[in-house]
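Engineer: Same order as they appear, the protein sequences are chains A and B. Heads up: the first sequence runs through residues 1 to 379, numbered per our numbering. Heads up: the second sequence runs through residues 1 to 143, numbered per our numbering.
Derived by calculation from the structure, the hints in this document are not laboratory data. Being a predicted model, the structure only gives us computed values, none of them experimental. We treat Cβ as the ideally placed atom computed from N, Cα and C, and that holds for glycine. Fair warning: there could be bad hints in the mix.
[What the hints assert, rightly or not] Under the rule of at most 25 Å between Cα atoms (straight-line distance), these lysine to aspartate or glutamate pairs were calculated in the DMTMM-like manner:
id, chain 1, residue 1, chain 2, residue 2
1, A, Lys63, B, Asp74
2, A, Lys63, A, Glu28
3, B, Lys87, B, Asp74
4, B, Lys87, B, Asp99
5, B, Lys87, A, Asp168
6, B, Lys36, B, Asp74
7, B, Lys87, A, Asp167
8, B, Lys87, A, Glu70
9, B, Lys87, B, Asp49
10, B, Lys87, B, Glu41
11, B, Lys87, A, Glu28
12, A, Lys63, A, Glu46
13, B, Lys87, A, Asp223
14, B, Lys87, A, Asp98
15, B, Lys36, B, Glu113
16, B, Lys87, A, Glu26
17, B, Lys36, A, Glu70
[Unchecked claim] Chain A residues, not near chain B, derived (Cβ > 10 Å throughout):
id, residue
18, Arg47
19, Leu116
20, Arg136
21, Asp167
22, Gly187
23, Tyr201
24, Asp204
25, Phe224
26, Asn278
27, Ser281
28, Asp288
29, Val326
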Amino acid sequence: MRALIAVLLILAVVLAYAEPSATAFEIERNFAGSIQLDYLAIPSNERGRDIALDGFTTELALKLAVDFGERTSANVKVCYGCHGFEVAMAYLDLRVVDQLNFRVGRFTPRFGDFWLRHDPANHRANTKPLMYDMGRMLRRTEFNNSILPIPYADNGVEVYGTQWFGDDVQIDWAAHLVQGLRGPEGGFDVDFVLSRSPALYYIDNNSEPALGGRLALTINFTDFISATVGGSTIWGRWDPDRFNDYLILGTDLYLRVYALALRAEAVTRRTEFTIGPNPESRFRFEIDDDFFIKEGFYAELEYPFSRWLEAFFRLDGLRQRGNVLVTSPLSRDSAILRYTPGVNVVFHPSLRLKLSAEFWDFSDFQDEIALHAGMTANF
Amino acid sequence: MTRRVRKWPPAGWILALLLIFFSCSASTPGRRSGLKQAQVEAMPTEVQDAYRLFAQRCSRCHTLARPLNSGITDGHHWRVYVRRMRKMPGSGISYRDADRILLFLDYYSLQVEEGRWSGGLRRDLLKSLGPDDALPEKLEPEP
Numbered sequence: 001m002r003a004l005i006a007v008l009l010i011l012a013v014v015l016a017y018a019e020p021s022a023t024a025f026e027i028e029r030n031f032a033g034s035i036q037l038d039y040l041a042i043p044s045n046e047r048g049r050d051i052a053l054d055g056f057t058t059e060l061a062l063k064l065a066v067d068f069g070e071r072t073s074a075n076v077k078v079c080y081g082c083h084g085f086e087v088a089m090a091y092l093d094l095r096v097v098d099q100l101n102f103r104v105g106r107f108t109p110r111f112g113d114f115w116l117r118h119d120p121a122n123h124r125a126n127t128k129p130l131m132y133d134m135g136r137m138l139r140r141t142e143f144n145n146s147i148l149p150i151p152y153a154d155n156g157v158e159v160y161g162t163q164w165f166g167d168d169v170q171i172d173w174a175a176h177l178v179q180g181l182r183g184p185e186g187g188f189d190v191d192f193v194l195s196r197s198p199a200l201y202y203i204d205n206n207s208e209p210a211l212g213g214r215l216a217l218t219i220n221f222t223d224f225i226s227a228t229v230g231g232s233t234i235w236g237r238w239d240p241d242r243f244n245d246y247l248i249l250g251t252d253l254y255l256r257v258y259a260l261a262l263r264a265e266a267v268t269r270r271t272e273f274t275i276g277p278n279p280e281s282r283f284r285f286e287i288d289d290d291f292f293i294k295e296g297f298y299a300e301l302e303y304p305f306s307r308w309l310e311a312f313f314r315l316d317g318l319r320q321r322g323n324v325l326v327t328s329p330l331s332r333d334s335a336i337l338r339y340t341p342g343v344n345v346v347f348h349p350s351l352r353l354k355l356s357a358e359f360w361d362f363s364d365f366q367d368e369i370a371l372h373a374g375m376t377a378n379f
Numbered sequence: 001m002t003r004r005v006r007k008w009p010p011a012g013w014i015l016a017l018l019l020i021f022f023s024c025s026a027s028t029p030g031r032r033s034g035l036k037q038a039q040v041e042a043m044p045t046e047v048q049d050a051y052r053l054f055a056q057r058c059s060r061c062h063t064l065a066r067p068l069n070s071g072i073t074d075g076h077h078w079r080v081y082v083r084r085m086r087k088m089p090g091s092g093i094s095y096r097d098a099d100r101i102l103l104f105l106d107y108y109s110l111q112v113e114e115g116r117w118s119g120g121l122r123r124d125l126l127k128s129l130g131p132d133d134a135l136p137e138k139l140e141p142e143p
């Protein structure tokens, strides 16, 4: 809490001097948005609804960015998805120098590479990588969703910066304090619904912020060959009693060679849970640890064959290791591998048809095939 | 229900992906919802190079349609915009790159403002402005 107060005090002082000529600056506004309608069919299963949220899904994002001056701006973004309208962004950015910037309000903390491209108009696949899925994965209830939902919007403060070494080497850093993921008292896992639910107000559930950060190195080998490697982390306690913590670690790689892009990430979450007084009736397996591990990865190749045809191939996976609740069908080591080839047909620079097929390889369940057809527009 | 021991990503898949990656890597940048080839070729050489850099850097996170359809035509607005984008993590946009990207955006804005966009780009537009006006205001390094 002291750290948070210190950050806010520094921010107030910096704000006081940051825009001395603000009155002379013309306020610039930029409005942007995207829409994606996607249809998910699961031909390998007679009743897809039993294992996924199939059928039509619409995702909408509307964003207003206002630059008050060279150093301050505000961003507000409203999203609409499966669970109605959400405020994904409502923050103020203060850019002091390249190396020191502040973000306060509601935002998505910097984590990994996909964080930058979570808007459906900014990634080629119809779905998000499994480790960042927000509810469209098959068997989502059995796996209790993904590792970290992205966009993961939360209230707090982020300090970030970038340092250039010459014109070709860039180091980015960020550190944040946010409310953190939430879960029920005496629960087994974090609860994504509870983490974003207004039912308990948009406040912390345990009076203790979660903290995290990111460090990344970008090198421009030439104008047309560049690479980024990064690492990210988040730590916090998810239950109201602050008994159980979660630690998320991630590493990411982006390699761009002319038009071809390779993206890869790996993320793991270690989640503690309360064993309770009667473990044999609560857990499926004999207790040996008070935590479980959830890990995932993706590797994705993306290539535009022409202005109107872009292709991608993604290989991603999700794995859960450790004990599970007695009601869970998962084993001690359950995993998914998913193979996703797909194309984007670009009718207009702002309008694209997304087609993809997903081949799901489950360790504990019947394998499945899922087909996606979606239309995306950005403006 | 099947129960198998899970193998994490097969090495063969990774090798195949790498082979595809390097076999495709000699491509022209800037295809991601950007300008038509004829439009690019109609631009002065210096602006063409700037466009290719713009296409390479900016398509990392979003399609090129986003800035091209933003409706921004004011040079100062573009500078503020590019300054903000330059600070995005992993943007790879140095001050030198920002200046080159602004060269293209200024040229592009002029085309849009002049209403010449649908009729094709004018090769002589920058020349007609004179040397001072043709060069974009530079993004000065911050203190």
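Engineer: Over 10 Å from every CB of chain B: does A/Tyr201 meet that, or does the non-interface label fail?
Structural biologist: 31 Å, holds
Engineer: Please work out if B/Lys87 and B/Asp49 have their alpha carbons no farther apart than 25 Å.
Structural biologist: Between B/Lys87 and B/Asp49 the Cα gap is close to 22 Å, so the pair holds against 25 Å.
Engineer: Would the hint linking B/Lys87 and A/Glu70 be met if the CA-CA limit is 25 Å?
Structural biologist: Holds, at about 13 Å.
Engineer: Are the Cα atoms of B/Lys87 and A/Glu26 separated by 25 Å or less?
Structural biologist: 21 Å, holds
Engineer: Closest CB-CB distance from A/Leu116 to chain B, is it above 10 Å?
Structural biologist: Nearest chain B Cβ is 5 Å from A/Leu116, so the label is violated.
Engineer: Is B/Lys87 close enough to B/Asp99, meaning Cα to Cα at most 25 Å?
Structural biologist: 14 Å, holds
Engineer: Checking the smallest CB distance to chain B, is A/Asp204 really beyond 10 Å?
Structural biologist: The claim stands: A/Asp204 keeps its Cβ more than 10 Å from every Cβ of chain B (closest is about 26 Å).
Engineer: Taking 25 Å as the top limit, are the C-alpha atoms of B/Lys87 and B/Asp74 close enough?
Structural biologist: 21 Å, holds
Engineer: Against chain B, does A/Asp288 keep a CB gap of more than 10 Å to every residue?
Structural biologist: 20 Å, holds
Engineer: Does the claim that A/Gly187 lies off the interface hold, with its Cβ farther than 10 Å from every Cβ of chain B?
Structural biologist: A/Gly187 clear of chain B: closest Cβ-Cβ about 26 Å, beyond 10 Å.
Engineer: Within a Cα-Cα threshold of 25 Å, do A/Lys63 and A/Glu28 meet the stated pairing?
Structural biologist: It holds: about 14 Å lies between the C-alpha atoms, which stays within 25 Å.
Engineer: If you draw a straight line from the CA of B/Lys87 to the CA of B/Glu41, is it 25 Å or shorter?
Structural biologist: 30 Å, violated
Figure legend: structure checked against the earlier numbered hints; hints not met, in rising order: 10, 12, 17, 19, 21, 25.
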